[in-house]
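With chain H held as given, fit chain X onto it using these hints.
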Amino acid sequence: MKAAVLAAGLALAAVTGAGAQETFTIGLSNGWVGSEWRTQMIEEAQAAAAAWAERGVTVNVVVQSANVDVQGQIGHVRNYINQGVDAIIINPNSPTAFDPIFAQAAAKGILVVSTDAEVSSKDAIYVGIDQKGWAMQSAEWLAKTLDGKGSVVTINGVAGHPANQMRVEGYQEVFKGYPDIKILNEANANWDQAQGQQTTQTLLATYPDVNGIWVQDGMAAGAWRAIMAADKTKSIVATGEIRKDFLDLWSKEGLTSGASVNPPGVMASALNVAVHKLMGKTFKDGVFGGVYGNAIYIPIPFVSNENLEENLKAAEGKPGYWSVTAEVSPDEAAAFFQ
Amino acid sequence: MQALLDGRLWLITLGALLVLVGVNTALQPNFLDPSVLQSNLTTFLPLVLVAVGQTYVVLGGDIDLSVGAIVALVNVTTVSVIAALGGTNEAVLAGLAAGIGVGLACGLVNGLVVAVLRFQPIVTTFATGIVFSGLALRILPDAGLPVPEVFWRGYAGGAFGLPTVVIVLAAVVAVTAVVARRPFAIRLKAVGGQRAAAFQTGLAVGRLRVGAYLLSGLFAALASLCLTGETASGDPLMGQTLALSSISAVVLGGTALAGGVGGPLGSLLGALVLGMIGNVIFFAGLPFEYQTLVQGLIVLAALAGGVLVARR
Chain H
1 MKAAVLAAGL
11 ALAAVTGAGA
21 QETFTIGLSN
31 GWVGSEWRTQ
41 MIEEAQAAAA
51 AWAERGVTVN
61 VVVQSANVDV
71 QGQIGHVRNY
81 INQGVDAIII
91 NPNSPTAFDP
101 IFAQAAAKGI
111 LVVSTDAEVS
121 SKDAIYVGID
131 QKGWAMQSAE
141 WLAKTLDGKG
151 SVVTINGVAG
161 HPANQMRVEG
171 YQEVFKGYPD
181 IKILNEANAN
191 WDQAQGQQTT
201 QTLLATYPDV
211 NGIWVQDGMA
221 AGAWRAIMAA
231 DKTKSIVATG
241 EIRKDFLDLW
251 SKEGLTSGAS
261 VNPPGVMASA
271 LNVAVHKLMG
281 KTFKDGVFGG
291 VYGNAIYIPI
301 PFVSNENLEE
311 NLKAAEGKPG
321 YWSVTAEVSP
331 DEAAAFFQ
Chain X
1 MQALLDGRLW
11 LITLGALLVL
21 VGVNTALQPN
31 FLDPSVLQSN
41 LTTFLPLVLV
51 AVGQTYVVLG
61 GDIDLSVGAI
71 VALVNVTTVS
81 VIAALGGTNE
91 AVLAGLAAGI
101 GVGLACGLVN
111 GLVVAVLRFQ
121 PIVTTFATGI
131 VFSGLALRIL
141 PDAGLPVPEV
151 FWRGYAGGAF
161 GLPTVVIVLA
171 AVVAVTAVVA
181 RRPFAIRLKA
191 VGGQRAAAFQ
201 TGLAVGRLRV
211 GAYLLSGLFA
221 ALASLCLTGE
231 TASGDPLMGQ
241 TLALSSISAV
251 VLGGTALAGG
261 VGGPLGSLLG
271 ALVLGMIGNV
281 IFFAGLPFEY
291 QTLVQGLIVL
301 AALAGGVLVA
311 RR
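For the protein sequence lines, the chains are H and X, in the order given.
Counting from 1, one number per residue, gives the positions in the first sequence under the working numbering.
Counting from 1, one number per residue, gives the positions in the second sequence under the working numbering.
Isolated chain H (complex conformation):
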């Protein structure tokens, strides 16, 4: 009996080895469910996995997505290892805490790809945007729009979060290059829209002559509501965000805004890169960079008053929470390989 099973297994291995039909199982781990952005991220990754069928590759995805702390997310990875997946794609809650568990995954031959936030592990690669570059792009826009002078306040996400830290470094570096731009205050509003609005109200009351607000992600919608309530839409410029409902408001109210796009398609991009790797391809020399030397940075789109209309057109028919997105297609991903 045992021999028969073994023989069947070998036969199966021979068939798949011949490459008639390749099948991979990929585990997706998301450790925070506080925004629709994350939901869209997972849905786009699932769609990207399904799209591989056209190319004769079956990609099964298993999803774990919940509000967990680092240890809970390590639990996600353990489950995938114990289940025996081919690859794990993770939006990690910590840059460093996964080093030991990724080492275990790599020891079992599992490919680990982090997305949206870089990880220090030598056993993983990162496919996503450069968070620092994301912040620099919008800070540069803000500085130029203010003609290089004025008083600025910034509203950040969660203190201690790695992506937040990189973004803070990014705008600080840019504003340093503009000696006439003064940062009056740097507040944290935890990536929460309501808190973003309250914080902006407080800041506007404290600094009535502020000219610019640099604010991250969905908090921008809150910040703009506070700006509108204070009737300062003409005297203040602020960064914006990429959800459709905000684009609508932006266009309707004629705001002066600009938004770096952190596309929810990052996980789909990571998946497309991962599938190429699972098919046995080798990365080109020199594709990796970043803080830990394991990152493949993908392009960061930018929405400003100039291309707002195009983006609105692309968003037509989508729900209000839909975010402007972009993804590295399977063909584009192939360019990273030899």
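Hints are computed from structural coordinates only; laboratory data are not their basis.
Hints are supplied without guarantee of correctness; some may be wrong.
[As the list claims (entries may be wrong)] Now the in silico label distances, taken between C-beta atoms and shown as ranges:
#, chain 1, residue 1, chain 2, residue 2, range
1, X, Phe119, H, Gly109, 52 to 58 Å
2, H, Ala159, X, Leu300, 31 to 37 Å
3, H, Thr58, X, Arg153, 50 to 56 Å
4, H, Ala159, X, Ile122, 25 to 31 Å
5, H, Ala194, X, Gly154, 56 to 62 Å
6, X, Gly154, H, Val287, 33 to 39 Å
7, H, Ser329, X, Ile167, 49 to 55 Å
8, H, Thr25, X, Ala84, 30 to 36 Å
9, H, Lys318, X, Asn89, 52 to 58 Å
Virtual Cβ for every residue (Gly too), placed ideally from N, Cα, C.
Below, chain X without anything else, positioned relative to chain H:
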């Protein structure tokens, strides 16, 4: 049945655990592999430790909402001390000692404010938890600062032919057995069950309550060291879910939130049950949109089941 269960509500928890193990083994055939068991125990151990510490506080009729923050503070202290001393083996030992010291100090602060100043425990430990988190962020503003390999390799490895996590678990059981035989355990239950009566019979109520908070701080510190072994780095946001999970584990384990009844062995089982529920849900292949919901419902059912059986 009633006689058997009297004072042994943890038997129900044990039954639930065995059922979950059976279901999990059916869903995940390699569940009983030693490496998979070790992997799971590594995941569950921090909650087990925090829940055991929480039990003493709850037995005394109090509650400790600051345990998660203590875990974070101990973690950042340990990694910072190790890094400051140059990452040698001696530095690792100093870091471990500093972490345990910080855990005890946090427990002492909680105990003094609650038992001596007579503040409400639930509000007090909620507030001290914010203070401890704030201190953690002050010490290590963002996640990072890796620990030397000897630390996490030691935690993932073993000694005397046993995995480190198994040794830690055995040590916890031993410590709780010793504490259970001390007069402290019975007096603490008296304090939780009938505080006024305990005071009138001359028990040092304040000192006993402080002792319980010290134990909670100590076990939170041990949990933090385990987490540090698992994550190999500092993270000021670590452990945020531990406070409420540990209270759930305590209640699941048959300890009354009103105090006076129960024990740490039940909480240990309760923590394992909570962990196993998560496992079973993953391997049952539920769509992720439903995982949290189903997990919540099963925990609720387990809690309700325990209460209903106990009432009869």
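TODO: Output the numbers, in ascending order, of every earlier hint that fails for this structure.
DONE: Numbers 3, 5, 8 - these are the hints that the structure violates, sorted from lowest upward.
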